[in-house]
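Construct all of the structure, not just a fragment, from the sequences and the given hints.
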Amino acid sequence: EEYVFDRNHQATKASLFNQSDETREEDSPGRTADKQELSEINMAKLVSCKEIIRSVIGDTASDADLTDEIIKADFNAEVALDAILKAQSEKSEI
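Numbering (the numbering used here), first residue to last: 1 to 94.
Hints are computed from structural coordinates only; laboratory data are not their basis.
As the structure is a computational prediction, the values presented were derived from the model and not from experiment.
Some clues are possibly wrong.
Across the chosen pairs, the derived CB separations fall in these ranges [stated by the list, open to error]:
#	residue 1	residue 2	range
1	K72	A44	13 to 21 angstroms
2	S92	E40	33 to 41 angstroms
3	S92	I41	31 to 39 angstroms
4	A87	E37	18 to 26 angstroms
5	A44	E93	32 to 40 angstroms
6	N76	E40	12 to 20 angstroms
7	S89	A64	15 to 23 angstroms
8	S39	S89	12 to 20 angstroms
9	I41	K91	30 to 38 angstroms
10	L85	S48	13 to 21 angstroms
Each computed DSS-like pair below joins lysine-lysine, with the alpha-carbon atoms no more than 27 angstroms apart [said to hold, decoys possible]:
#	residue 1	residue 2
11	K50	K72
12	K45	K72
13	K91	K50
14	K91	K72
15	K86	K45
16	K86	K50
17	K86	K72
The beta-carbon is built from N, C-alpha and C at its ideal position, and this holds for glycine as well.
Printed below as a string of structure tokens:
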């Protein structure tokens, strides 16, 4: 069978991405807090902590997991990073 690109079919860039993956991460039940519930100061702390952690681990953890751990650690980047690294090492041992 031959695969041919149909130029008459106009594909948009947005249609190429699987949108269900993006919403699944944000809408997962059991998340500790929504970003809308955070004050401006806590939101700034969250962003700062994410930047610190991302500079160490890159994109190996999801944004939602980072948010959860940072909030659990009361916006302490070191404590959140430690929890994330422990969780990743437990997953890799399985």
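Against the structure, the hints come out as follows:
no.	hint	in the structure
1	K72 with A44: 13 to 21 angstroms	holds (18 angstroms)
2	S92 with E40: 33 to 41 angstroms	holds (37 angstroms)
3	S92 with I41: 31 to 39 angstroms	holds (35 angstroms)
4	A87 with E37: 18 to 26 angstroms	holds (23 angstroms)
5	A44 with E93: 32 to 40 angstroms	holds (35 angstroms)
6	N76 with E40: 12 to 20 angstroms	holds (19 angstroms)
7	S89 with A64: 15 to 23 angstroms	holds (19 angstroms)
8	S39 with S89: 12 to 20 angstroms	violated (33 angstroms)
9	I41 with K91: 30 to 38 angstroms	holds (32 angstroms)
10	L85 with S48: 13 to 21 angstroms	holds (19 angstroms)
11	K50 with K72	holds (13 angstroms)
12	K45 with K72	holds (13 angstroms)
13	K91 with K50	holds (21 angstroms)
14	K91 with K72	holds (20 angstroms)
15	K86 with K45	holds (22 angstroms)
16	K86 with K50	holds (17 angstroms)
17	K86 with K72	holds (15 angstroms)
Of the numbered hints given earlier, the model fails hint 8 alone.
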